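Asks: The sequence shown begins at 1 in the numbering used here and counts up one residue at a time.
These are computed hints drawn from the structure, not numbers from a lab. If you're wondering where the values come from, they're calculated on a predicted model, not measured in any experiment. Mixed in with the good hints there might be a few duds.
As the list claims (entries may be wrong) - Here are the simulated DSS-like pairs of lysine-lysine, each with C-alpha atoms no more than 30 Å apart in a straight line:
1. K10 - K53
2. K41 - K10
3. K41 - K53
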Amino acid sequence: MKASEFSFKKGLYQLNPQPNFNFQLNRVIMWDGGRLEDVQKAGSRITDSQSWKHKLTRMAQEAESDYRTVDKLIRMLTNVRSLTFRLMTEAEQASNHCNCGNSRLVLDTVTDWIFMMKRKR
Numbered sequence: 001m002k003a004s005e006f007s008f009k010k011g012l013y014q015l016n017p018q019p020n021f022n023f024q025l026n027r028v029i030m031w032d033g034g035r036l037e038d039v040q041k042a043g044s045r046i047t048d049s050q051s052w053k054h055k056l057t058r059m060a061q062e063a064e065s066d067y068r069t070v071d072k073l074i075r076m077l078t079n080v081r082s083l084t085f086r087l088m089t090e091a092e093q094a095s096n097h098c099n100c101g102n103s104r105l106v107l108d109t110v111t112d113w114i115f116m117m118k119r120k121r
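Produce the complete structure using the sequences and hints provided.
Replies: Set out below in structure tokens:
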């Protein structure tokens with residue numbers, strides 16, 4: 001990725017009246033690509049460490065269920081010549097960590113990909 005392609009956000013949003021929570025919430029937006037509207041909503045309901053943990057965990061779960069984290073990771077792959085992507089979903093009982101919920105589906109998918117790559121050679 002070229003240096004000119006990086007774009008850092010500037011400024012500070014007022015997301016929570018407590019300075020520490022406000023600073024950390026701004027980091028979610030500035031560094032982690034968090035959506036402002038999600039962070040604003042969560043920030044207005046954070047009052048202590050317990051609510052912080054609950055709200056940020058919930059935001060992460062919503063981002064994962066919307067596949068926003070996958071999209072962000074794919075967009076980071078700027079120097080790949082080709083990419084094969086297959087998302088294992090909850091509907092297939094394969095959404096667990098490393099897609100271990102449905103190992104047969106995962107192994108079949110990987111095996112099919114290997115055979116396809118061998119045929120291309």
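Asks: Could you run down the list of hints and mark each one as holding or not?
Replies: We went through each hint and held it up to the structure:
1. K10 - K53: 26 Å, holds
2. K41 - K10: 20 Å, holds
3. K41 - K53: This hinted pair holds, its Cα atoms lying about 14 Å apart.
Hint violations for this structure: none, all hints satisfied.
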